[in-house]
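**Q** Spelled out from the first residue to the last, the chains are:
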Amino acid sequence: MIGMEAQYEDEAREGPRHAVIMLGLFFLLLMAFGLSLSLGSVHIPLAALFGILTGGEVSSAAWAIIVHTIRLPKAITAVLAGAALSVSGLQMQTLFRNPLADPFVLGISAGASLGVAIVVLTVGSVGSVLIAGLGLMGDLSLAVAAIMGAAAVLGCVLLVSRSVQNVMTLLILGLMFGYATGAFVSILIYFSVPEQIQSYILWTFGSFGSVTWRQMPVLISAIFVGLLLAFLCIKPLNALLLGENYARSMGLNVKRIRLWVLISASILAGATTAFCGPIAFLGLAVPHLCRSLLHTSDHRVLMPAVTCLGATLALLSDLIAHLPGSQFVLPLNAVTSLIGAPIVIWFVLHRKNLSQAF
Amino acid sequence: MAILKTQNLAVGYKYGRRPSRVVARDIDVSLHRGEFVCLLGPNGAGKSTLIRTLVGMQPPLDGQVYLMGQDIADMSAIEVAQVISVVLTDRISVGIMAVRDLVGLGRYPHTDWIGSFTEEDERVVSWAIRAARAEDLAYRNVAELSDGERQKVMIARALAQEPVLMILDEPTAFLDLPRRAEIMALLQDLAHSTDKAILLSTHDLDLALRCADRIFLLPFEGALQTGAPEDLILNGAFEGAFQSDGVRFDADTGAFKLNAQRGCSTVAVSGEGRRAYWTKRALERAGFQVRDVGAEWCVDIREGDAWCVEHGGVVREYDSICDLIAGLRG
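So the protein lines, in turn, are chains A and B.
Per this note's numbering, the first sequence starts with residue 1, numbered consecutively.
Per this note's numbering, the second sequence starts with residue 1001, numbered consecutively.
So here's chain B without its partners, still in its complex pose (with noise of 0.2 Å):
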């Protein structure tokens, strides 16, 4: 049985009597345990709105959500709460709190009145802390932690809670490249071994084609469509969400190129390996048309550390991409 699905949900924003903003329309979707999701959409697509939705922060336009069977708009706060977790991107500012505390908060719909613990409470606390792989900063004060650091902690906090399913807002936003691989893989980790299901949005194109097990694309107007990375860069899907006058999406790396086509020179490049990858890099980054034969320029790296350029008939040599560049240019 699917923990999380959807019916012709449509969501959006109600304001009084003026018609409501929908946001996106006819999603139907469902979520399975150990399955770890990504959803993927230009900015103003909607995804923080279907979030907000999903998790019952807000009510749908149109359409059901049902957690584990059930509507979700017929279930209390503190029923979702033990399905669902969160990690939103609301700044926090806890006050004087231990990390260990905060995570400890997480376990609120499990507590008593007063929220005392548990040998219980205290392992599974013990356990999400370690499992966010937080060990070394259980102990530091909240508001002295880097951005980081703050997101490995609500992911902890969230898995204290022990939900069937987690659902993250952005995790990876404001933070560098190596943070946010870490705690993609982490994620991608924790839905595998713990048997959740993870949902979480992101602008990271290139993690999330590497980590999910599917994707949630939400284009900017248009249906949601889901699938496996691969199937979804296969049929198209990609190129027609991120369509843009300054990038396009190139299904043959999966990644965005800049549309720099300015120049016509022609350029060709014999070689192989790093070097020759970089310098085509560089070549169409400066806005020349890299071609196999029949170019213009011939650019040979083949013999030691230059770049030797041919051109009717002249041979120059330079000692590096910069120069080459430059050369080019006249």
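In isolation and in its complexed conformation, chain A is listed as follows (with noise of 0.2 Å):
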């Protein structure tokens, strides 16, 4: 009966116990905030980081230009980033049933890169006319063609996703979108000239120092907004975790919060991808990180966890592939897999939780 009632009192303590990790996410992501705007070629001690953010004492103009129009922008643009993507990537794995579904399954990013592949590679072969369209245009082109990319084959799969009865039906139509989308890329860059598909590719390995403090409204409000629609349905979700049919008997409208959440999830990665490029493997690794962390698969402390941990991982990931104190810079992509990878991998084998969760 002792050992019975050490139990419970275990169990009860699950509770405080999130809220500590919780606390510990949230000092993480603060810290990691702090170090990507003190650390990079030029290295800001954090004395004078406070004086330049708070408006008071600045002992460096250069330090100030440094932090407000590279790094503050930087720095905010990988906390969306990381957030959106990670909690996209949660809401698929939940709404697929599926370890290996990230936010790009529905094949956005590869619209994205559609996008992206048409301004890129298309621009000598069309002519002055678009290119003194682009200049007029400015930065903003690569990102509006990367969201009508996005948002085409979005549309394609939301509009499919009414009539389909499956979600697994659904999943694999999402990758035949990819792969067709994919294709169109594929011809693009054959008939496209070396230096294009250079550019192209620089666009592929992604990275959060492209977006100007102008375009930072749309992307802070498109990421809240899915944010929103993602929180919203945290209830929905842990429905889903007992499958289809039983989320049906307990009240759940199964269509109409498959579409809640294809939307949420396709406006965080969509806008993601449109102003940072696809970034890989958060969105795939930072919520199984936090179930095996966290001990659970109830997305209503999940999903706070990822969008920490998600923010805090995508700020590390930048932070390493600007190599401090030096002045290369590696591709935010290689960084993010190559630095995530053992770290899934310890995970996995040290913690034996993670076969459980699906």
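There could be a bad hint or two in this list.
Subject to a maximum C-alpha distance of 25 Å in a straight line, what follows is the list of computed DMTMM-like cross-link-like pairs (lysine to aspartate or glutamate) [as the list claims (entries may be wrong)]:
#1 A:Lys235 - B:Glu1239
#2 A:Lys235 - B:Glu1119
#3 A:Lys235 - B:Asp1101
#4 B:Lys1257 - B:Glu1284
#5 A:Lys255 - B:Glu1119
#6 A:Lys255 - B:Asp1071
#7 B:Lys1280 - B:Glu1296
#8 A:Lys235 - B:Glu1079
#9 A:Lys255 - B:Asp1090
#10 B:Lys1005 - B:Asp1231
#11 A:Lys235 - B:Glu1162
#12 B:Lys1005 - B:Asp1101
#13 B:Lys1005 - B:Glu1230
#14 A:Lys235 - B:Asp1121
#15 A:Lys255 - B:Asp1112
#16 A:Lys235 - B:Asp1319
#17 B:Lys1280 - B:Glu1310
#18 A:Lys235 - B:Glu1120
#19 A:Lys235 - B:Glu1122
#20 B:Lys1257 - B:Asp1231
#21 A:Lys255 - B:Glu1079
#22 B:Lys1280 - B:Asp1292
Since the hints were derived computationally from the structure, they do not count as laboratory data.
From these two lone chains plus the hints, build me the complex, please.
**A** What follows is the structure, given as structure tokens:
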């Protein structure tokens, strides 16, 4: 009986344990944010950083410019993108009950790639009219193209999802959309000159550094709407853990919720891809890490945890990609996967609870 | 008033423009409070299809299902969920979740937007776990449960939904006999003590006959019949529904008998009690016709531990039923 009571007490502590981990994750996020402002090709001490951010005494005008025009927008973008991709990945993994699902399973990044490929790769051949137009649109053109590409694929998927009974059918259709779109990109690349191909490839590496203050409100509002929808879907996502039949028997309108989850995940992944390029791995790995760390599949706990950890890991990946103290910058996508894969492998092998998650 | 009532219900499947496949038709049944009803029928008769139609998971091909007097087709999912809860045959993989949290998911139709619990919700969940006799499982991980334990937990989840009607699709499949009896007794008790209606489909004829207040008998082809188990035995409905080459339903014992009348040797068994009963069973199994008088062989088990066999004036003794049958076969 004593053992039983001890076990009950043990379980009663689960709530506080989650709270402690959440607090830790939030603290980690703050640290990562500070570090990403402080470290880079030029090191800015934390004390000076505080002055710059609070509008107090500025010890170096150059530092203030670096922080304001480069590092702050980049850090904010990383936080938004990391949170967006991770939440979107969590939604997809639960909706499809599939551990391999990520934000891009429904072909959203493929659609964005097609949009960008069309702009970048056809500029030369279409001629000077379009180049002049591009100049007018300035740096927004890539984002606009990516958004339109992602929206086109997303529209197809949502249209199909209304008439699809089985969620697995939808998954397969999404993959097919992705392949078909990818094929168009291949054809475009095949008929392009090397310089254009290089600028396209550069986009596919991903970067948090290309969002300007002018574009920031667009990105912030898109991600805010996406996250709001995602948090509103927490309870239905928990019900969907039991499968669609049980969820329906508990009063869930499965088709409607599926649509909302898809819209939310697509806004999150689409906006991020449009502004930062197709950033791999975070959306797949962060939900797994959080499930394993917090030992739960409850979205009430997972959703905030995934938001925090996703933002933190995006900041850290960007930090590593910029190799602080050097002039070199590595491709962001190479860093997320290179650093992320060993971490996930370690988790899979050392914490045996990942296999129970699906 | 009936909790659930069907009218001219036809169930089956529609395939776009092709003609629909009707599995069962002209079903007129009703379920009342405090009733424990078993749906029986051979494989392919449409038990699962009927259950899926009754809970609103698939539309009827014809006729109506009325829930508390209201057509289920006009009700929203949440309205249905407040009356019916289900235990399905779906394999569940909920991920990393404690049993108590899984049972708590049953509160879904009663909680707010994020699913936070009031004291009432906590109380109902505790009650559901106790009622399903799953107290010792409450803080186990769902992924680590055995089939029988998981079935109890799913019943607790269905109870936590506080339905008026619980519908279970083959809840005793894959369980061993003691576990099946335990689940059936539990459900029968729940129906009577909580004044819910419980409908379950099963292949467990023997247990259903012993536990059910009423039986819905769905034959392979033909109309669904309802009644007390004993009525359906006496009017020959069971024999009709489960007719097949290999087995027949024996209305005297309420059990299936293998049609193993291969031999034509006749045996008479003299004696009473348990040994006599099992000796007769063994002889029938071995293909002998067991009679009371006028048989070629006479088995006497009245004395001692041995089986004495008399045949044409010669008496032999055997130590076990195994030897006895070997001896009779020569």
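**Q** Each of the hints needs a verdict: does it hold here or not?
**A** Structure-based check of each hint:
Proposed proximity of Lys235 of chain A and Glu1239 of chain B is contradicted: the alpha carbons are some 49 Å apart, above 25 Å. Only pairs whose Cα atoms come within 25 Å are accepted, and Lys235 of chain A paired with Glu1119 of chain B is accepted, the gap being roughly 19 Å. With a C-alpha separation of about 13 Å, the suggested pair Lys235 of chain A and Asp1101 of chain B falls inside the 25 Å cut-off, and the hint holds. Only pairs whose Cα atoms come within 25 Å are accepted, and Lys1257 of chain B paired with Glu1284 of chain B is accepted, the gap being roughly 10 Å.
A hinted pair counts as satisfied when its Cα atoms are at most 25 Å apart, and Lys255 of chain A with Glu1119 of chain B does not qualify at roughly 32 Å. Pair hint Lys255 of chain A plus Asp1071 of chain B holds up; C-alpha atoms about 21 Å apart against a cutoff of 25 Å. Among the hinted pairs, Lys1280 of chain B with Glu1296 of chain B is consistent with the structure: their alpha-carbon atoms are about 15 Å apart, no more than 25 Å. Straight-line distance between C-alpha atoms of Lys235 of chain A and Glu1079 of chain B comes to about 18 Å, which keeps the hinted pair within the 25 Å bound.
Taking the CA atoms of Lys255 of chain A and Asp1090 of chain B, the gap is near 19 Å; set against the 25 Å cutoff, the hint holds. At roughly 21 Å between alpha-carbon atoms, Lys1005 of chain B and Asp1231 of chain B fall within 25 Å of each other, so this suggested pair holds. Pair hint Lys235 of chain A plus Glu1162 of chain B holds up; C-alpha atoms about 19 Å apart against a cutoff of 25 Å. For the hint linking Lys1005 of chain B to Asp1101 of chain B, the alpha-carbon distance of about 33 Å lies beyond 25 Å, and the restraint is violated.
As the CA atoms of Lys1005 of chain B and Glu1230 of chain B are separated by approximately 23 Å, the hinted pair is consistent with the 25 Å bound. Proximity of Lys235 of chain A to Asp1121 of chain B is assessed by CA-CA distance (about 15 Å); at most 25 Å being required, the pair is judged to hold. For the proposed pair Lys255 of chain A and Asp1112 of chain B, the alpha carbon gap of about 20 Å is at most 25 Å, so the pair holds. As the CA atoms of Lys235 of chain A and Asp1319 of chain B are separated by approximately 67 Å, the hinted pair breaks the 25 Å bound.
The suggested pairing of Lys1280 of chain B with Glu1310 of chain B holds, with an alpha-carbon distance near 16 Å, which does not exceed 25 Å. For the given pair, Lys235 of chain A sits about 19 Å from Glu1120 of chain B by alpha-carbon distance, which is consistent with the 25 Å threshold. Between the alpha carbons of Lys235 of chain A and Glu1122 of chain B the distance comes to roughly 17 Å, so the proposed pair stays at or under 25 Å and holds. Pair hint Lys1257 of chain B plus Asp1231 of chain B holds up; C-alpha atoms about 20 Å apart against a cutoff of 25 Å.
Simply put, Lys255 of chain A and Glu1079 of chain B have alpha-carbon atoms about 17 Å apart, close enough for the 25 Å limit, and the pair holds. Under the criterion of a C-alpha separation no larger than 25 Å, the hint pairing Lys1280 of chain B with Asp1292 of chain B is consistent with the structure, at around 11 Å.
In summary, the structure is inconsistent with hints 1, 5, 12, 16 from the numbered list given earlier, while agreeing with the others.
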